[in-house]
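Visitor: Residue numbering for the sequence shown follows the numbering used here, beginning at 8 and increasing consecutively.
Treat the hints loosely; a few may be bogus.
[Claimed, not checked] Simulated crosslink set (BS3-like; lysine-lysine; CA at most 27 Å straight-line):
| id | residue 1 | residue 2 |
| --- | --- | --- |
| 1 | Lys-114 | Lys-24 |
| 2 | Lys-72 | Lys-87 |
| 3 | Lys-89 | Lys-36 |
| 4 | Lys-36 | Lys-24 |
| 5 | Lys-50 | Lys-114 |
| 6 | Lys-55 | Lys-141 |
| 7 | Lys-126 | Lys-87 |
| 8 | Lys-126 | Lys-141 |
| 9 | Lys-126 | Lys-114 |
| 10 | Lys-122 | Lys-36 |
| 11 | Lys-133 | Lys-121 |
| 12 | Lys-122 | Lys-141 |
| 13 | Lys-89 | Lys-22 |
| 14 | Lys-133 | Lys-122 |
| 15 | Lys-114 | Lys-131 |
| 16 | Lys-89 | Lys-121 |
| 17 | Lys-87 | Lys-141 |
| 18 | Lys-21 | Lys-87 |
| 19 | Lys-89 | Lys-21 |
[To be verified] Computed beta-carbon distance windows for the label pairs:
| id | residue 1 | residue 2 | range |
| --- | --- | --- | --- |
| 20 | Gln-105 | Asn-15 | 20 to 28 Å |
| 21 | Gly-88 | Glu-25 | 34 to 42 Å |
| 22 | Lys-126 | Ser-92 | 25 to 33 Å |
| 23 | Asp-19 | Arg-68 | 24 to 32 Å |
| 24 | Ser-92 | Gln-134 | 31 to 39 Å |
| 25 | Tyr-59 | Trp-31 | 32 to 40 Å |
| 26 | Glu-35 | Lys-87 | 22 to 30 Å |
| 27 | Gly-18 | His-135 | 26 to 34 Å |
| 28 | Asp-78 | Arg-37 | 23 to 31 Å |
Think of the hints as simulated: they come from the structure by calculation, not from any bench. Only a predicted model underlies this, so the values are computations on that prediction, with no experimental measurement involved. We put the beta carbon where it would ideally sit given N, CA and C, even for glycine.
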Amino acid sequence: MCAILDTNCIGDFKKLKEDMQPVWQWLEKRNGKIVYSDVEKIKTEWDKGGGYELRRDLIRRDKLKQIPIEDVEERENQLKGKVRSDDEHVIALALTAQVNVLISSDKALIRDFKKHVTKGKVYKTKQHERLLTKDTCP
8 MCAILDTNCI
18 GDFKKLKEDM
28 QPVWQWLEKR
38 NGKIVYSDVE
48 KIKTEWDKGG
58 GYELRRDLIR
68 RDKLKQIPIE
78 DVEERENQLK
88 GKVRSDDEHV
98 IALALTAQVN
108 VLISSDKALI
118 RDFKKHVTKG
128 KVYKTKQHER
138 LLTKDTCP
């Protein structure tokens, strides 16, 4: 299974905060992967959030699934004006990669994610560990 890591969780994820420990375990023991694309807004947000090193580490561990920029940008353009948050790029990534789990605490993004992603689920705390299944990425 794959999940999208929102930039507002990168700090906690890197610091192995308690709520992010199940995500790390899922990555290491359950064949989980973080979905990512080099779309400008995603790349910029990750880099600002301290995700450059994390991205390199996930690539090295084969835990980052990269989605082609063109595919995400095309879907993002289709979503313009249809989402209330400023996160069309995240929704586009989820739809393009067929991912229905988002790791985030951004309320506006969560609302849009659940509206636009079929069976969209959100991991916020360790109580949501059940969302991290052993299935491989689509």
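Visitor: Hint by hint, which ones does the structure fall short of?
Guide: 3, 6, 10, 13, 17, 18, 19, 22, 23, 24, 25, 26 and 27
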